[in-house]
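**Q** For reference, the chains in residue letters:
There are 2 protein chains.
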Amino acid sequence: MDTKVTSNNTDVISKLRVNGDRLWQSLMELAEIGATAKGGVCRLALTDLDKQGRDLVTRWATEAGMSVTIDKIGNGFMRRAGRNNSLAPIMTGSHIDTQPTGGKFDGNYGVLAGIEVVRTLNDHNIETEAPIEVAFWTNEEGSRFVPVMMGSGVFAKAFTLEHAYAAKDNDNKSVKQELERIGYIGPEEPGDHPIGHYFETHIEQGPVLEDNDKTIGVVTGVLGIRWYDCTVTGMEAHAGPTPMALRKDALQVATRVMQEVVACAHRHPPHGRGTVGMVNVHPNSRNVIPGEVKFSIDLRNASDADCEAMDADIRAVAARVSEETGLPIKIDLVSSYPAQPFNADCIEAVRRGAETLGYSHMDAVSGAGTMRSTWLASRLPG
Amino acid sequence: MDTKVTSNNTDVISKLRVNGDRLWQSLMELAEIGATAKGGVCRLALTDLDKQGRDLVTRWATEAGMSVTIDKIGNGFMRRAGRNNSLAPIMTGSHIDTQPTGGKFDGNYGVLAGIEVVRTLNDHNIETEAPIEVAFWTNEEGSRFVPVMMGSGVFAKAFTLEHAYAAKDNDNKSVKQELERIGYIGPEEPGDHPIGHYFETHIEQGPVLEDNDKTIGVVTGVLGIRWYDCTVTGMEAHAGPTPMALRKDALQVATRVMQEVVACAHRHPPHGRGTVGMVNVHPNSRNVIPGEVKFSIDLRNASDADCEAMDADIRAVAARVSEETGLPIKIDLVSSYPAQPFNADCIEAVRRGAETLGYSHMDAVSGAGTMRSTWLASRLPG
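Chains as they are written, first to last, in the working numbering: chain A, 295 to 676; chain B, 295 to 676.
Next comes chain A alone, as it looks inside the complex (with noise of 0.2 Å):
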């Protein structure tokens, strides 16, 4: 076509709408890679399955015109270009590696979603001011190697290439190795490549929105994380021959403190989250009274302040209930991921994206630990 329309033309874009039948065939395709029985998919990272995936999904973008750049940890970046291509790129994109058990859309739904949003402008013959690239991190689910979410951690330093590298699946096959054979080592180094703004759809992992029968969570941030270990330490005793006053119960004192977790949540709302997933009881005999019980402790808040807040206030509680029982109850926190508040345009265009488009929308934390948006959030300019 001769004629450009540029993207700042609001009546235009207003009157854009994705192929929605064609996204649907692309993720439909895409998910036969790897199609378990069950309707899911299993498409571990740096296997056959993910190599096939990846080659599916840059033809997919060669085919639309877009240029490919592989990074040396196996992340794409695949580029539609733009008017004026030294801005940085408008950024989109997700994984496509899965869980053992996973489904069609996770992660998935990301990247071909931005593929398509470049089909669209191709159909239309928009061309954007800035560059747009459609990225796919490496091994963002983790479940084949550890660290989880590697591809974005490499690019943005959270930890070294060559950590990445050495790490092995129960085959004792390395990352490196494996990136080799499946022919996705690219020639960037992890890092070098510029972000001016990155957004990810993402299905959700919650029941919030159909809760609220809503199609798009505005998503304003990232939960912060403080996750505990939490030890109360009794006296272990026959079930039989010791009489309730003179117990000392470390799972009475430690059931106190585990209704107390999800109390302090209630005292913190909206966003407040407290949850007790591990609970270890010593010795875990029928007839015997427990002498230690461990438990995890996991707090999450839409700020640090609010974190912070929390961890006051489960401590000071678990100091009560140990004053009030005298049994010793430590805490100790053991890990801490910072609450990430997303950019403020950024989730603005979001929400008036959806309204544009007539679409029900809602604001929405992510409660999921995706330190891929923190790390990514510290690459971004603001």
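Since the hints were derived computationally from the structure, they do not count as laboratory data. This one's a predicted model, so the numbers in the text were calculated from it and none came from an experiment. Please note that the accuracy of each hint is not assured.
Which copy? The list can't say, so a pair holds if one copy fits it or any two copies do.
[As the list claims (entries may be wrong)] List of simulated lysine-lysine pairs, DSBU-like, C-alpha gap at most 30 Å:
no., residue 1, residue 2
1, Lys-588, Lys-467
2, Lys-508, Lys-332
3, Lys-398, Lys-345
4, Lys-451, Lys-345
5, Lys-332, Lys-588
6, Lys-542, Lys-398
7, Lys-624, Lys-462
8, Lys-398, Lys-309
Mind docking chain B on chain A? Use the hints.
**A** Chain B alone, transformed into the frame defined by chain A:
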């Protein structure tokens, strides 16, 4: 001696004292067989060490003028004749096998205290009306062979001799094979042995006497026991993306019931006991809201009526919690041991003995699962 003293003479009896030093010496000598570095004893049933222990104890009995009968499961009955040997013997005893990390006194004290009584009667030339017997029961600890309390169980026909004979240890050696090897299969049919009354002296396995600063516990019976498995079913979900209001957290509901198990015991004083000893959380992962929690409940009380009242109490509480939370709570009774009140005359004899001899004492219930007393009670008159 030519003058026999009869045991009907209370003046004589009230002045009688066992020889504490001699009893202590015997305890220490027996404890050398299988002595452990930490001061305990490891003398598992039907081992060479058990044979040495049995040989020593029966030698002491013979030296004290007693006759020894062994039955087919290896129970030993060491008999001092009375004036009227057609009367059923007054029996005492316990076991001399130990746990792998057993102590010097558990079981052994009950047997050697019986022998010391006989030695003391001999010293004072006292003839009792009925014969006296001191028993040692085979494999009462059950740490090498299952079932526990095997000798008294076969004696009381709680299970068959064949069942006990077939039990095997970890090295695939059977009870019968090991009994034959150490030479302790006797001619008597288990159970073909009259018992008039049965007393058992036992070191306390709980903290009550020490806490009350008393020397003698006058045991009035054995607590009834109810064992349950409780299952709370929720909905497994990610700790991050799932807001508090949309959760079905099985652990939060389970911990409420666990708190109530102890509260239930306090609602049924003075003998009510409630213990949660075992907890299994699924999937037991730090950042996953538990979808299912299984835990044990151990309820005990002094009468079957009290046990039934606790049963109804905890089931009502669980039903209320289930209704309030919407999560199913299943409570399955897995084992039930009836309460065993002891014979009133026997209890009074023990109490009077302690009073006569000036020992501090208190009534006590046995909270341990002493099936031996229940089984033997079923064989006794009255």
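**Q** Among the hints numbered above, which are violated by the structure, and what are their numbers in rising order?
**A** 1, 7
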